[in-house]
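Chemist: Sequence:
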Amino acid sequence: MKVTDEAAVEKPAEVATEPAAPDSEQQSEPVAPKAAEEQDANRNPQKKRRQRTPPVKTDSVSDEQAEETAPAVEAKTEQPRNQNPNQNSNQNQNQNPNQNGNQNGNSNANASQNPAKPQHPNQKNQHKNQNQNPNQNRNQQNTENQEEAAKKEFNFDGLVTIEGVLEILPDNYGFLRSPDFSYISSPDDVYVSTNQIRNYGLKTGDNVRGIVRLPKEGEKYFSLLKPTEVNGRDLEFIKDRVSFEFLTPLFPEEKFNLTGPNSTLSTRIVDLFTPIGKGQRAMIVAQPKTGKTMLLKDIANAISANHPEAYMMILLIDERPEEVTDMERSVNAEVIASTFDEPADKHVKVANLVLSKAQRMVECGHDVVILLDSITRLARAYNTVTPASGKILSGGVDANALHKPKRFFGAARNIEGGGSLTIIATALIDTGSKMDEVIFEEFKGTGNMELQLDRKIANKRIYPAIDLVSSSTRRDDLLLDETTMQRMWILRKYLADMNPVEAMEFVNKSIKGTRSNEEFLMSMNR
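Just so you know, my numbering puts 312 at position 312 of the sequence shown, and the rest follows in order with no gaps.
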């Protein structure tokens, strides 16, 4: 009984160390002989201790497991014949099924590329990213290089030059206005910064020529890079110029020659009876339909033909559009117009900018001529724009409304030391408006040359319809030589006893038979 008890105690240990039988698919021995052996072992425990477990062939099992677990691209590895089958089964059972699935999926994808070296999915993605990033970087670099090359190829900075009249806004920056738009804001305006205005000493009305750059992203206008010249002068001269208000005015001393090969009868008569000098403040007083516009056109053509050094501007305020077109096509001068269908604000703005431009050019020593048609309509525009002061003159004219038109007309002067501003303006009378009469009375006597046009002469179709007796120039002795002055005094004495129509008919017939004014004056001795 003692032997039996010891065998009973030792049996569980041996059973625990006995290797477990493989799976039913992998067993190579039948179940019945095994049961018979267990009965014999119970009867004879010593025999059971001496019994050895027969070796189990695991070649077929290892091959099947290798086919199920190993990737298709991995070479089959043979397990050793003495390997424990339980170890193989435990390894297969403990293996992560997700890993097997990933390996199988990746093995099919990489079988054709790398049949000898399986890759982990993370490694595969990493290689893909490494292969893609250089291509992406190259593409980005290529596009950037192409954009830079395009910018360099179409870079117009420093190549485009522009010219315009500067208008400084209340915020101390300005724009170069184009004469094509009558100095009104337009898409062609060029931005001028505050620093450039301060550094170069620019003022409103300066005619600036300079280099511009194209607008950048978010910008609307061209920008001035650097001015090259202002009013035809270099930048150093502009900084040291004297303001127009401090220049010394003188009587006109140099006469505009209105005669020549292409002169008309109107210009020859004006050149004799009412000579115009540089710096003249002339007023043409005209009734409606007396030919004042045609007379202005003839004077402008004569000045531009005989005096190319004078810069001439024709300012048409509140005129008809067809007359503006006719003036632009028939006169070699800059025409700035604001027609009657425009608001009064535009009339005033255009007139102020034209006057500022003329003053800046006179500061630089230029001779400027402004032909204004008409100063009566300009005064009406100022009367509309000016705030009411409570003091109303007859005709509905505000007491302060005529100050700025007088300032415009009074800017004409001959400057000591060089430069002059000549203004030839027309004034309307006998229009049936009390306001026009008041405006004319305010300007009467302010000019130093007055040319009267008579409606009675125009009704008889005698042109120019000039009232020779009423027309004259102050201090014409400074413009005419002594011989001409003596002969003109004799002629005026002869015409003083005639009415305006008879005087104009006589002069018209006499002057048509001569080729020049000198020949006409010499014919008076006969």
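There may be inaccurate statements among the hints.
Cross-link-like lysine-lysine pairs, in silico, DSSO-like; alpha carbons within 30 Å at most [to be verified]:
id, residue 1, residue 2
1, 434, 444
2, 346, 203
3, 203, 216
4, 289, 203
5, 404, 444
6, 203, 226
7, 349, 239
8, 434, 349
9, 456, 493
10, 203, 239
11, 289, 346
12, 289, 509
13, 220, 349
14, 216, 289
Please keep in mind that the hints were generated in silico from the structure rather than gathered at the bench.
Chemist: Taking only the CA atoms, is the gap from residue 203 to residue 239 under or equal to 30 Å?
Modeler: Given pair residue 203, residue 239 holds - Cα atoms ~11 Å apart, limit 30 Å.
Chemist: Please work out if residue 404 and residue 444 have their alpha carbons no farther apart than 30 Å.
Modeler: holds (16 Å)
Chemist: Has the given pair, residue 203 with residue 226, been kept, meaning a C-alpha gap of at most 30 Å?
Modeler: holds (16 Å)
Chemist: Is the straight-line distance between the alpha-carbon of residue 203 and that of residue 216 30 Å or less?
Modeler: holds (26 Å)
Chemist: Within 30 Å, alpha carbon to alpha carbon, are residue 220 and residue 349?
Modeler: holds (23 Å)
Chemist: What's the verdict on residue 434 and residue 444, does the C-alpha distance respect the 30 Å limit or exceed it?
Modeler: holds (15 Å)
Chemist: Does the structure keep residue 289 and residue 203 at a Cα separation of 30 Å or less?
Modeler: Violated: residue 289 and residue 203 sit about 40 Å apart, past 30 Å.
Chemist: Are the Cα atoms of residue 456 and residue 493 separated by 30 Å or less?
Modeler: holds (22 Å)
Chemist: When you check the alpha-carbon spacing of residue 434 and residue 349, does it fall within 30 Å?
Modeler: OK: residue 434 and residue 349 at ~26 Å, within 30 Å.
Chemist: CA of residue 346 to CA of residue 203, is that 30 Å or under?
Modeler: OK: residue 346 and residue 203 at ~21 Å, within 30 Å.
Chemist: Verify the proposed pairing of residue 289 with residue 346, using a straight-line Cα cut of 30 Å.
Modeler: holds (26 Å)
Chemist: Is it true that the CA of residue 216 sits at most 30 Å from the CA of residue 289?
Modeler: Outside the cut-off at roughly 53 Å; violated.
When each numbered hint is compared with the structure, violations occur for hints 4 and 14.
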